[in-house]
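A.B. asks: Each chain is listed here by its residues.
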Amino acid sequence: MKTNPGRFFEDYTVGEVIEHAVPRTLAGGEKALYHALYPARHALHSCEAFARDCGLSGPIDDLIVFHTVFGKTVPDISLNAVANLGYADGRWLRPVYPGDSLTAQSRVIGLKQNSSGKNGVVWVRTTGRNQRGEEVLDYVRWVMVRKRDPEAPAPETVVPDLPDVVAPAALVVPEGLDFAAYDFTLAGEPHRWGDYGIGERIDHVDRVTIEEAEHMMATRLWQNTAKVHFDATNREDGRRLIYGGHVISLARALSFNGLANAQIIAALNGGAHVSPCFAGDTVTAWSEVLDKAETAVPSVGALRLRLVAQKAGAPACSLRGEDGKYADGVLLDLDYWVLIPT
Amino acid sequence: MKTNPGRFFEDYTVGEVIEHAVPRTLAGGEKALYHALYPARHALHSCEAFARDCGLSGPIDDLIVFHTVFGKTVPDISLNAVANLGYADGRWLRPVYPGDSLTAQSRVIGLKQNSSGKNGVVWVRTTGRNQRGEEVLDYVRWVMVRKRDPEAPAPETVVPDLPDVVAPAALVVPEGLDFAAYDFTLAGEPHRWGDYGIGERIDHVDRVTIEEAEHMMATRLWQNTAKVHFDATNREDGRRLIYGGHVISLARALSFNGLANAQIIAALNGGAHVSPCFAGDTVTAWSEVLDKAETAVPSVGALRLRLVAQKAGAPACSLRGEDGKYADGVLLDLDYWVLIPT
Amino acid sequence: MKTNPGRFFEDYTVGEVIEHAVPRTLAGGEKALYHALYPARHALHSCEAFARDCGLSGPIDDLIVFHTVFGKTVPDISLNAVANLGYADGRWLRPVYPGDSLTAQSRVIGLKQNSSGKNGVVWVRTTGRNQRGEEVLDYVRWVMVRKRDPEAPAPETVVPDLPDVVAPAALVVPEGLDFAAYDFTLAGEPHRWGDYGIGERIDHVDRVTIEEAEHMMATRLWQNTAKVHFDATNREDGRRLIYGGHVISLARALSFNGLANAQIIAALNGGAHVSPCFAGDTVTAWSEVLDKAETAVPSVGALRLRLVAQKAGAPACSLRGEDGKYADGVLLDLDYWVLIPT
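From first to last, the protein sequence lines are chains C, B and Z.
Position 61 of the first sequence, counted from 1, bears residue number 61 in my numbering, the numbering being contiguous throughout.
Basically my numbering = 1-based index in the second sequence + 342.
Basically my numbering = 1-based index in the third sequence + 684.
Okay, chain C solo, but in the shape it has when bound (with noise of 0.2 Å):
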């Protein structure tokens, strides 16, 4: 058969590297489709002028540098995953720009079959590298796969130690990245680092309702080929499940209004996609300052955000009920580090 079924979870191994295919490369036309999918706004990313006089000279957004790169993986990793369980050490370790073309490579550092035989826990860390072969992007995500045989033989359980969060001082600031001419102005707030305290949540008030042919252009430009984002008749129900990127993306988007000077994305510390998301429905986010950080560079300070999205009929800033469960509506828990102004 020369089709991919995908990998089952008796296809793993602990230590093997997993070179995925099809590199792309990213540029302008990219950039205006993220500006036409999402209701993107922060500066940086808009603007070449804004970009170069923060030292930068107009870098590809950080979700469009992780949506590629997970993208390249699903074929190898996830095709035949239950469920996208979670995140864990992801970095930012080099700004991509136009014209850069990125591959991936994933290697497997956890293995965990689950108690029915069944199925079984991958862990993968996966690196995104440009053409010269640097490194811009690494994190870890772990998905539920199901296994071929239910009669084959369990692996040694390997689950691997994961950090709760990125520790500040491992946060990579972009080299050349300076603030210290910043444009609040231009930029659309005047709050800074400092105006941001630990504990302050901030409500994105902004509401975007979510079609069809949007969700899955964007999960198709980011190359994504899991069936159930595209293939109306794989849901008993008829309806496609929406790419948690994609929920991802317009929360981040949306974040700006508050967090307009969250410029650059540094860390990915953890995320759940709390429940499926559908065409029609309305999202809307919020924002917990989880902590502050200072960094190598004056002028460039870290908070560790979380960023929650949740459809627009519940309560503002949902997160959990009382029984410790995540509320009804709330569609993604996001922790990440950015860095703004100081």
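Treat the hints as calculated values from the structure; they're not laboratory data.
Quick caveat: nothing in here was measured; it's all calculated off a predicted structure.
Any given hint might turn out to be false.
[To be verified] DSBU-like, lysine-lysine: derived pairs with alpha carbons at most 30 Å apart: (1) Lys147/C / Lys292/C; (2) Lys292/C / Lys653/B; (3) Lys653/B / Lys686/Z; (4) Lys995/Z / Lys2/C; (5) Lys796/Z / Lys911/Z; (6) Lys653/B / Lys634/B; (7) Lys325/C / Lys344/B; (8) Lys995/Z / Lys796/Z; (9) Lys2/C / Lys686/Z; (10) Lys802/Z / Lys911/Z; (11) Lys112/C / Lys292/C; (12) Lys667/B / Lys460/B; (13) Lys634/B / Lys686/Z; (14) Lys311/C / Lys2/C; (15) Lys292/C / Lys311/C; (16) Lys653/B / Lys311/C; (17) Lys653/B / Lys796/Z; (18) Lys569/B / Lys311/C; (19) Lys686/Z / Lys667/B; (20) Lys227/C / Lys311/C; (21) Lys460/B / Lys344/B; (22) Lys227/C / Lys686/Z; (23) Lys2/C / Lys911/Z.
[Unchecked claim] Some chain B residues flagged as far from chain Z (calculated, every beta-carbon gap over 12 Å): (24) Ala391; (25) Gly428; (26) Pro440; (27) Val463; (28) Thr469; (29) Glu493; (30) Pro495; (31) Pro502; (32) Asp537; (33) Asn576; (34) Ser660; (35) Arg662; (36) Glu664.
[What the hints assert, rightly or not] Which stretches of chain B does chain Z cover? Using the computed rule of at least three CB atoms under 8 Å from a CB of chain Z, they are: (37) 353-365; (38) 378-386; (39) 515-529; (40) 633-639.
Glycine included, C-beta positions come from ideal geometry on N, C-alpha and C.
For chain C, the structure is supplied; the task is to place chains B and Z on it using the hints.
C.D. replies: Okay, now just chains B and Z, sitting in the frame of chain C:
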């Protein structure tokens, strides 16, 4: 509160200058999306080689420039607007080329509280500039804006003196533009400036049915943040109001069929968004030649056009009924100057 | 009348050459949109670095070139067409690179009035050229076109002599193309020319459900002006007919899964749009290897493929029923040559 609640009527002062946020670089990606979102076919904006033969180097479509500058103003001018009332004295002052970065600034030039005391009309003159600070677009618009506090005192009424039409002598012919070697076959129609007569009406025949995903992608691309365009929960009937500029671009693109040589928009004399447009509407357009003028460049003539967009069900070339009111189905009544080969 | 009513059957003369309007520059924006609109993953068109390693510099996808040239012809050839009957003798003659500007020209090579006298078949040979006048694409298509006046005299019948298949010796291998250093891992599959056998069938497995916004954006991007694709009021059932080329691109993109190394389309031998496709349809595809050939470049082989698109409900690899007619659910039956590493 860190999010932007928008300005209310009592927040404006005549003479005040507002620097709008989020500068934006326009390039080939935006050009391609414009061709995907509208049936745009004017050769000058479709083909760099054709543009060069006209003395320009592949400029960005005039309406992309308009929408981008307009989009910048929304968070400061029309976030709490009840209605977009009109445009006047708009001129394109200089071509925008791929890679140019635009900023926008508005000066408040008029204020008039409504007799109800609940809202008022705000007139602004908005100027778009490129990264060298050169003016590329300048226009007046006025909107009705809600008051935050109905008890707030009314400002002194100032109603600006605005021209009904931009004088032909004030039209800017882009530096270098010359239609002397214009190829009418490649452009698609033989009709030149002399072939159009004042009073002539052209039914542009073609029709386009609009989808939610399309108008939202377009409006987002211009970073227009008005909630009504994106949020299906915003209106009681669950519909999203289509950005008026989307109808302008759609009608302008449809007008290719009969005005294929009207390559450049030079001025916006006025315009009314007569009735709301929603996804599912099928739109058609017609034009009337209101005036003709020569320019300083012998090969370049100017036509003053009325461009009307209407729903497909209405009689062809609908405008006003016997009562003088706009006929049912009319969506847009735009008055503008174009440049066309003589 | 200034608008284009399109040509009718009696307006064509054998030997006549029609210069099509609206030249078009293709660049990175069109490439990005292609990836958003189709699940295209062939590495040569996804990544400039990969393309350079094959001796080319990031060419525009062959089908983007086809759609662009085809779109130019619509206002002159098929605006009043009843049916698009077939393709023959199509060859891609030279790669198109970002920034190239295309024009199109058609020569009428055949005419045959139908026995009803109401319409007739028009054969045209269409040639696409770049801004240097070099031919990039050349193909024959024939359409059934309405007569304006059923009483108009029938022209002399001329039926061109067309090859069933482009001869292997006539296939053009792009100058510089060399698969000697081809990276099969990056390309996504190990299967090379020698691994495919004549008669082999490949079910491409993946499925895509089409939305109205997607096919309209694609078809507009190619500046195809046929009313049936955009106007929901055009058909009595309120549906928009999807441009046949949209189904070609979708099926070609789906064929990545099993034909990942079929990087370049060299020739179009023939094709039938078997049944209409509408938004909401879920499409899948399969291929059959019809023939194999060597080329003048040792590292480059050619496969002649049948590419069939069908609706998801039909049995896998549907083609014809026992009556010899196309089976229910078949949308497209395309016959083309691809270039693939040996």
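A.B. asks: Now, for every hint given, state plainly whether the structure supports it.
C.D. replies: Against the structure, the hints come out as follows:
no.	hint	in the structure
1	Lys147/C / Lys292/C	violated (42 Å)
2	Lys292/C / Lys653/B	violated (54 Å)
3	Lys653/B / Lys686/Z	holds (21 Å)
4	Lys995/Z / Lys2/C	holds (21 Å)
5	Lys796/Z / Lys911/Z	holds (25 Å)
6	Lys653/B / Lys634/B	holds (28 Å)
7	Lys325/C / Lys344/B	holds (29 Å)
8	Lys995/Z / Lys796/Z	violated (33 Å)
9	Lys2/C / Lys686/Z	violated (55 Å)
10	Lys802/Z / Lys911/Z	holds (21 Å)
11	Lys112/C / Lys292/C	violated (35 Å)
12	Lys667/B / Lys460/B	holds (26 Å)
13	Lys634/B / Lys686/Z	holds (17 Å)
14	Lys311/C / Lys2/C	violated (41 Å)
15	Lys292/C / Lys311/C	holds (28 Å)
16	Lys653/B / Lys311/C	violated (33 Å)
17	Lys653/B / Lys796/Z	violated (39 Å)
18	Lys569/B / Lys311/C	holds (16 Å)
19	Lys686/Z / Lys667/B	holds (29 Å)
20	Lys227/C / Lys311/C	holds (24 Å)
21	Lys460/B / Lys344/B	holds (26 Å)
22	Lys227/C / Lys686/Z	violated (48 Å)
23	Lys2/C / Lys911/Z	violated (40 Å)
24	Ala391	violated (4 Å)
25	Gly428	holds (29 Å)
26	Pro440	violated (9 Å)
27	Val463	holds (36 Å)
28	Thr469	holds (27 Å)
29	Glu493	holds (46 Å)
30	Pro495	holds (48 Å)
31	Pro502	holds (37 Å)
32	Asp537	violated (8 Å)
33	Asn576	holds (20 Å)
34	Ser660	holds (15 Å)
35	Arg662	holds (23 Å)
36	Glu664	holds (26 Å)
37	353-365	violated (count 0)
38	378-386	holds (count 6)
39	515-529	holds (count 3)
40	633-639	violated (count 0)
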